[in-house]
Amino acid sequence: MAAQAESKSGSPTDLISRTRVSREMLGSIVQLKVGPKKQLFHIHKGLLCSAAAYFRAALEGGFKEAREQKIQMPEEDPAAFQRFQLWLYTGSLIELSANEEDRPTWHTIFSLYSMAERLGIPELQNDVIDTIIDLRYKLKEIAVGWADKVYSETMENSPLRRLLVRLLTESRLDLNDPEWIIRDLDHYPLEFLRDVILAQHEQLTARPLKSTDFKKHRKDFHVPVKT
459 MAAQAESKSG SPTDLISRTR VSREMLGSIV QLKVGPKKQL FHIHKGLLCS AAAYFRAALE
519 GGFKEAREQK IQMPEEDPAA FQRFQLWLYT GSLIELSANE EDRPTWHTIF SLYSMAERLG
579 IPELQNDVID TIIDLRYKLK EIAVGWADKV YSETMENSPL RRLLVRLLTE SRLDLNDPEW
639 IIRDLDHYPL EFLRDVILAQ HEQLTARPLK STDFKKHRKD FHVPVKT
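The numbering used here puts the first residue of the sequence shown at 459, with every later residue one more than the last.
Among the clues, some could well be false.
Taking lysine to any residue pairs in the SDA-like style, the calculated list, with each CA pair at most 20 Å apart, reads [said to hold, decoys possible]:
hint, residue 1, residue 2
1, K607, E649
2, K684, E575
3, K598, K673
4, K522, E575
5, K596, K677
6, K496, P536
7, K596, H675
8, K607, K522
9, K522, A537
10, K607, T663
11, K503, K522
Per label pair, the in silico range of CB-to-CB distance [claimed, not checked]:
hint, residue 1, residue 2, range
12, Y595, P647, 22 to 32 Å
13, A515, P494, 21 to 31 Å
14, P580, Q530, 17 to 27 Å
15, V683, G603, 26 to 36 Å
16, K495, E518, 44 to 54 Å
17, R514, D644, 42 to 52 Å
18, E611, A524, 41 to 51 Å
Please keep in mind that the hints were generated in silico from the structure rather than gathered at the bench.
Ideal Cβ placement from N, Cα and C applies to all residues, glycine included.
Model the full structure from these sequences, guided by the hints.
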């Protein structure tokens, strides 16, 4: 199921390998300009409309985008949108044949989640959560350094926030160490630190103490998907 993970032209022709892509989805192609530099992408309209109500409203309504079949998305991150394009056509965020250096950065991963949350694409949100959990075990990283980005770009009840907090509180880091709190107080959002303290209290008062198998309980951080 090989695909071009970072297609320079944003062309869909090298990406089509997703088995659930129907012939009806491969009709007309939409032009999308993403990011402040207006990076150009070309994606089949049927795939976009099947992914999110946002695209259905833009491309099938009475808006200018529907007439021209063009969408401007200056607020989105182009690298994250490339992963979204890959996901639309292949169902994967990381190409199976990709080298280690082709793995998306944490910045891209978190930008992709916040985009999926804003546009209302629950399947993509859940796949990003699964990717974060898998990378946590593979790379032994919890990426809490990105808490400011996550908390500034996601909703208050976002599952991504909960996951980041749980990953930290169940790490080997001693959260009772006052030096850690003093040292990192200015590096993290107050909301994040509050959530960490509450989560740690909940964990320490549990009897018996529990340690989460994130792979086994990944669905605890998923959002519902309408069937």
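Need the list of violated hint numbers for this structure, in ascending order. 4, 8, 9, 10, 16, 18
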